[in-house]
Amino acid sequence: MMNPVISHPLGNFIREVIPFPEVSFLINSIISIIAICAVAIGTAPILIYMERKICAHIQCRLGPMRLGFHGTLQTIADVMKLLFKEVYAPKGADKFLFYLAPMISLTAPFLALTMIPFDHNLQVANLSVGIPFIIAVNGFGILGILIGGWASNNKYSLLGSLRSGAQMISYEISFALVLLFVVMVSGSANLMEITQSQSGTILDWWIIKIPVLGFIAFIMFFISSTAELNRAPFDIAEAEQELTGGYHTEYNGTAFAMFYLAEYINLVTTSSLATTCFLGGFLPPLIGIESVDLLMMKVPGFIWFAAKVVFMISAYMVVRWTFVRPRVDQLMDFEWKFLLPANLLLLALGATYIAVLG
Amino acid sequence: MFPIEITDIFFYIVSALIIITAIFTVTAKNVLQSAIFLIFSFIGTAVFYLMLHAEFIAISQVMVYAGGVVIFVIFTILLTSRLGETNLSIKIPRTFISAIISLSLVFIMLRFLLQDSSLITSVPEAQNNYASLESMALRLLSVQSDGFVIAFELISLLLLVTLICSITIARKSKDNK
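Chains as they are written, first to last, in the working numbering: chain A, 1 to 358; chain B, 359 to 535.
The hints are simulated quantities; they were obtained by calculation from the structure and are not laboratory data. Misleading hints may appear alongside valid ones.
[Unchecked claim] Okay, derived cross-link-like pairs now, SDA-like style, lysine to any residue, Cα gap no bigger than 20 Å in a straight line:
hint : chain 1 : residue 1 : chain 2 : residue 2
1    : A       : K53       : A       : V318
2    : A       : K155      : B       : T438
3    : A       : K91       : B       : K387
4    : B       : K387      : A       : M65
5    : A       : K95       : B       : I435
6    : A       : K337      : B       : T520
7    : A       : K91       : B       : T520
8    : A       : K81       : A       : M65
9    : A       : K95       : B       : T520
As the structure is a prediction and not an experimental result, all values here were calculated from the model.
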């Protein structure tokens with residue numbers, strides 16, 4: 001049952017070349033941080049293109065078609081446009097907080113991405129407190145939105161940021177409780193160990209391994225993470241028809257690009273988290289037939305990981321363009337009166353399952 | 359992993375950052391800016407915990423203070439009309455008196471804490487894995503004399519009661535309509 005494992009060729013090479021272990025440790029950390037940033041920033045344009053195409057096809061349109069083959073160059077043109085725009089703060093805005101807000105909200109997804117195991121040896125930090133770290137870091141996203149909305153000196157921005165702050169704080173509870181369920185059944189808060197606890201066939205993934213509860217937990221994770229991401233149907237924060245764009249109404253140029261980037265990297269982070277916690281992470285989907293399994297194990301883990309993440313991202317995108325947006329009070333009712341009690345019940349049932357069968 | 363010198367330099371950088379952000383917290387004209395600087399100060403403290411190999415305490419520090427308490431403070435400031443916009447007027451004599459009081463507090467603390475040599479510890483002296491997630495969770499639930507099971511259960515009960523109370527309050531307001 002061995003996967004093709006990529007060891008540490010680059011890390012070992014640097015450790016051999018540089019005699020001081022401290023310096024090579026520092027260089028290796030810098031390389032992994034740069035790699036994470038490159039992957040995260042590189043995927044964002046692809047995701048924006050993907051979102052446009054999926055949105056267009058759901059609405060029976062073609063989407064971007066003219067620039068490049070099927071509009072592939074459209075995102076690059078958009079990024080160039082955003083980067084060359086003039087950045088200015090509106091009159092009466094708190095300049096310091098206005099420029100700080102996008103930076104803060106960009107911090108959270110990058111920090112969370114360092115915990116994700118992409119392959120057996122592809123992980124920036126293997127902390128024993130991986131899940132609590134991700135929950136803690138998620139708070140910075142809320143902070144960025146709150147500050148950005150206030151510093152814009154615009155009542156629509158402030159309303160949008162207050163709405164999204166309330167929404168994210170509420171749904172964070174469900175988000176954390178579902179992750180707690182995963183920690184409970186897998187017996188570890190370390191994301192690498194959570195992945196390893198699902199090794200075996202496809203039936204050993206947490207979504208299937210616990211009879212009905214796993215699937216319910218996955219759906220709950222999906223709902224609460226959609227709300228955490230501020231994506232439709234939970235895009236109360238932006239609600240174009242009501243708030244003209246929410247907390248980033250007054251932002252333009254690079255500052256707006258940073259908010260936009262944070263949104264898409266958050267999408268990657270959350271999808272990776274769903275993949276790691278429920279869909280077996282980088283493990284191949286073995287089905288128990290030996291000849292097929294051997295073939296699948298030849299594929300490196302990070303390709304399986306990327307495939308599952310792309311599947312999750314497309315699920316989020318299809319949901320975004322399919323459902324209608326609920327009202328603010330309906331949204332809060334749903335969280336506090338249905339999702340939270342259901343989550344507590346799920347935790348109790350999960351504990352019973354472990355006590356009886358585990 | 360690090361030689362002690364690099365850790366020392368890092369320690370001084372982080373403590374300088376904590377002190378600077380703490381000073382900004384009390385001197386910032388705007389309440390919201392103070393709250394932001396307070397967050398940076400809390401994160402600096404979390405870095406200290408990380409340097410002492412207490413990962414879980416560091417994460418809790420970020421989760422409870424930076425992610426929880428300060429966000430609620432900011433929320434309150436945003437909901438209170440115009441509190442964040444008007445600058446706080448700080449009178450000179452009051453600033454002078456509070457500066458004297460806090461400086462004398464720092465002086466007394468330094469004067470007496472530095473005498474106690476048992477406080478001067480470094481990382482290697484802590485037991486291995488003393489503050490890791492596993493050992494901490496086991497100690498929380500242990501029924502031995504070093505365990506905290508009663509306190510833990512009481513706090514978890516309190517949290518559950520709070521959650522259920524909030525759900526009940528939300529439900530009641532709907533009936534009244």
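Hint check results:
1. For the proposed pair K53/A and V318/A, the alpha carbon gap of about 11 Å is at most 20 Å, so the pair holds.
2. For the hint pairing K155/A with T438/B, the CA-to-CA distance comes to about 14 Å; that is within 20 Å, so the pair holds.
3. Simply put, K91/A and K387/B have alpha-carbon atoms about 19 Å apart, close enough for the 20 Å limit, and the pair holds.
4. Between the alpha carbons of K387/B and M65/A the distance comes to roughly 52 Å, so the proposed pair goes past 20 Å and is violated.
5. Taking the CA atoms of K95/A and I435/B, the gap is about 18 Å. The hint holds against a cut of 20 Å.
6. With a C-alpha separation of about 14 Å, the suggested pair K337/A and T520/B falls inside the 20 Å cut-off, and the hint holds.
7. At roughly 43 Å between alpha-carbon atoms, K91/A and T520/B are farther apart than 20 Å, so this suggested pair is violated.
8. Between K81/A and M65/A the CA atoms are separated by roughly 18 Å; this keeps the pair inside 20 Å, and the hint holds.
9. Taking the CA atoms of K95/A and T520/B, the gap is about 39 Å. The hint is violated against a cut of 20 Å.
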